[in-house]
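Protein chains: 2
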Amino acid sequence: MTTEKLISEIKKKQSFLCIGLDVDLTKIPQHLLNNEDPIFAFNKAIIDATHDLCVAYKPNTAFYEAYGLKGWKSLEKTITYLNEKYPEIFTIADAKRGDIGNTSSMYAKAFFEDLAFDSVTVAPYMGKDSVEPFLAFKNKHTILLALTSNQGAFDFQTKTIDGKEVYKQVLETSKTWKNAENLMYVVGATKAEYLGEIRNIIPDSFLLVPGVGAQGGNLQEVCKYGMNASVGLLINSSRGIIYASKNEDFAEASAQKAALLQKDMAIELNNYFKN
Amino acid sequence: MTTEKLISEIKKKQSFLCIGLDVDLTKIPQHLLNNEDPIFAFNKAIIDATHDLCVAYKPNTAFYEAYGLKGWKSLEKTITYLNEKYPEIFTIADAKRGDIGNTSSMYAKAFFEDLAFDSVTVAPYMGKDSVEPFLAFKNKHTILLALTSNQGAFDFQTKTIDGKEVYKQVLETSKTWKNAENLMYVVGATKAEYLGEIRNIIPDSFLLVPGVGAQGGNLQEVCKYGMNASVGLLINSSRGIIYASKNEDFAEASAQKAALLQKDMAIELNNYFKN
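If you're matching them up, the sequences are chains A and B in order.
Heads up: the first sequence at position 78 corresponds to 449 in this note's numbering, and the numbers run straight through without jumps.
Heads up: the second sequence at position 177 corresponds to 548 in this note's numbering, and the numbers run straight through without jumps.
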């Protein structure tokens with residue numbers, strides 16, 4: 372998907388919500404466990420109920436790999452369902468991959484070609500030649516970890532190299548890589564005050580922002596510091612939406628939670644683009 | 372597997388060779404493509420021919436994910452074959468995973484429990500709470516990326532934080548994490564001269580050393596700077612061994628290449644432990 376198409380979907384739906392499909396079989400409604408593929412059944416119901424309130428879905432691959440072959444099959448069914456039924460949706464494989472060049476090419480092939488995701492999250496630790504193989508795919512997006520939303524972000528990401536934090540070095544260095552226009556960045560919402568400085572380095576890029584809701588981030592703060600003329604934000608919520616209820620009404624309950632966020636996002640969009 | 376068992380296998384086989392099972396269908400003998408599962412057929416032949424010359428096998432997950440469900444199945448068959456037929460072999464899932472705490476737990480479950488690997492490689496960028504869920508597994512080993520063997524290692528890993536390189540910060544910080552005794556580290560052989568300084572920080576840990584052979588590293592140099600009283604080294608070779616021949620004799624050819632390395636390793640072990 373092109374960035375222009377993503378922006379137009381955001382404006383049409385008045386939403387920049389991304390829903391994280393992190394399916395844990397111990398947390399989904401127990402009546403679904405009778406289903407042949409409970410993970411896909413859960414995802415399908417959530418997607419059907421929420422697709423007009425969000426612009427993106429983000430399965431985290433860990434939750435699928437944890438169930439082995441079956442889990443991988445559920446992931447495949449989920450992305451195929453999205454691509455066939457809702458091609459206007461931006462899809463993110465939250466895989467946090469990264470390896471030496473020829474190996475990263477294999478990962479890029481796995482997520483961009485075989486599974487046909489629009490984007491994949493990638494870790495920066497191994498540098499340029501571990502990321503560029505992902506960037507080589509046209510109209511596919513590589514979402515680089517910059518400043519994550521967990522406590523461990525303070526172990527290395529916020530330490531300073533020559534007076535500049537590691538995550539800022541990652542932002543600046545990555546701008547020089549080939550096909551850098553295909554980069555987006557993960558920036559945790561729990562550190563909204565960092566967003567202003569981040570926007571000085573990458574004014575135009577899309578940011579994938581986890582941590583609104585469950586992890587304590589604040590939507591208004593994120594928009595204040597992070598929104599740009601192309602919107603430039605995808606805000607992710609996982610548990611807060613998909614586990615809204617453990618009863619038969621779980622899909623409707625998730626849609627209600629998503630609608631609350633969508634409504635707030637519409638207000639932010641109207642504030643920003645009113646002139 | 373316990374570290375003691377790994378050390379005793381190294382001494383018995385006079386080898387600290389790890390063979391990387393990075394299977395690319397365009398590079399394996401073409402007669403195998405008629406097989407129902409060419410990847411597993413290739414791995415099985417390589418394993419049967421080389422298992423007495425090495426102590427570890429390391430499938431890189433990218434090469435399996437690139438073939439989707441089929442690839443994942445080949446990975447499952449490979450690790451099951453290793454665990455059943457050659458339980459004395461140390462197995463490494465070269466997955467370079469890492470995510471926020473509860474998500475890393477899912478990855479740990481996938482590789483340590485479902486697939487029953489002895490170890491998994493993990494990226495350090497997200498810090499303590501992204502690694503500790505892996506460390507919580509008893510007699511399982513978490514192999515943390517420190518200094519990788521690719522060019523991109525110089526983008527961030529060798530930059531200095533407060534006068535100390537990022538990879539050294541990773542080594543020092545990781546020593547303070549819970550169950551740090553379950554850590555091993557990836558250190559590229561292309562930078563053997565760094566190994567002396569690395570040993571000052573982590574004198575006792577095992578190092579997984581890629582980059583001997585294809586990537587230009589030198590076995591004698593690595594042993595000179597990296598070997599310790601528990602051997603402390605696993606040296607990986609992938610393409611140099613598994614793609615030794617594209618003909619029907621490919622497995623024997625790979626064994627010959629492995630035997631050359633094993634012989635050199637026996638010399639190094641004898642030199643180090645002669646007194």
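Since the hints were derived computationally from the structure, they do not count as laboratory data.
Please note that a few of the clues may not be correct.
When chains are identical, the list treats them as one kind, so a pair holds in a single copy or across two.
[To be verified] In silico DSS-like links for lysine-lysine, alpha-carbon gap of 30 Å or less:
no., residue 1, residue 2
1, Lys628, Lys444
2, Lys382, Lys628
3, Lys549, Lys634
4, Lys398, Lys617
5, Lys511, Lys441
6, Lys549, Lys398
7, Lys398, Lys509
8, Lys617, Lys628
9, Lys448, Lys617
10, Lys549, Lys535
11, Lys376, Lys441
12, Lys549, Lys448
13, Lys480, Lys617
14, Lys384, Lys456
15, Lys382, Lys595
16, Lys480, Lys415
17, Lys645, Lys480
18, Lys549, Lys617
19, Lys376, Lys444
20, Lys448, Lys546
21, Lys634, Lys480
22, Lys530, Lys546
23, Lys535, Lys546
24, Lys444, Lys415
25, Lys456, Lys634
* If you check each hint against the structure, which ones fail? -> 3, 11, 12, 17, 18, 20, 21
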